[in-house]
Amino acid sequence: GQQLNQSPQSMFIQEGEDVSMNCTSSSIFNTWLWYKQDPGEGPVLLIALYKAGELTSNGRLTAQFGITRKDSFLNISASIPSDVGIYFCAGFNTGTASKLTFGTGTRLQVTL
Amino acid sequence: EAGVTQSPTHLIKTRGQQATLRCSPISGHTSVYWYQQALGLGLQFLLWYDEGEERNRGNFPPRFSGRQFPNYSSELNVNALELEDSALYLCASTLEQGRAEAFFGQGTRLTVV
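Going down the list, the protein sequences come from chains A and B.
Following the numbering used here, the numbering of the first sequence begins with 6 at its first residue and continues without gaps.
Following the numbering used here, the numbering of the second sequence begins with 1386 at its first residue and continues without gaps.
To be clear, the hints were calculated from the coordinates, so they are not data collected in a lab.
Only a predicted model underlies this, so the values are computations on that prediction, with no experimental measurement involved.
Hints are all accurate, no fakes.
Computed, partial: chain B to chain A, Cβ under 8 Å:
#, residue
1, L1428
2, W1433
3, L1475
4, A1487
5, Q1491
6, G1492
We put the CB at the ideal spot given by N, CA and C, even for glycine.
For reference, chain A alone in the conformation it holds in the complex (with noise of 0.2 Å):
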């Protein structure tokens, strides 16, 4: 099945750095969300991003809807230790198909 290019795709950061990662697709989305998942648990969703170009923060975590509505991006910034873990994009369209389609990840490690 189709999956979303998320880059990187594992990442090592220091503590208090800020990270950044991006999702990019071959198609239109008009709806974006981003889930972190922890090992051996389902994902957990952080952001959702519902216009082209919408800025979106939840605490630490700033998300953006890309204006092609074929990409988006996730800012963490102040990183700390719970913040590891894989995180995932994932696009959706309302419709008949309706489903959320997911990027490869991005692992994240925080080192103290």
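Based on these hints, arrange chain B on the given structure of chain A.
Leaving out everything else, chain B in the frame of chain A:
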């Protein structure tokens, strides 16, 4: 309010057997999605149920099937298990058809030996 619950947490089956996985959505949610996540990989869409009907299925063989019950809970059945079916199976629910915000359960880890 309880989240999405899945059972069992872990399941070990022998190649060729059948597996049944269960999911209870968040109370009030009518749509249920199933995803497969092989080890270290992303989430692949399996099935979508809404109001008791199968609405869409991913690129998986027919031995992957399921249903949604009148109380909106759902069951995923995998027949003739193969070693490659070993994965984390995730269920998610949304408030209604057309809503993007999906909430996931903790998953069922299926191991085929």
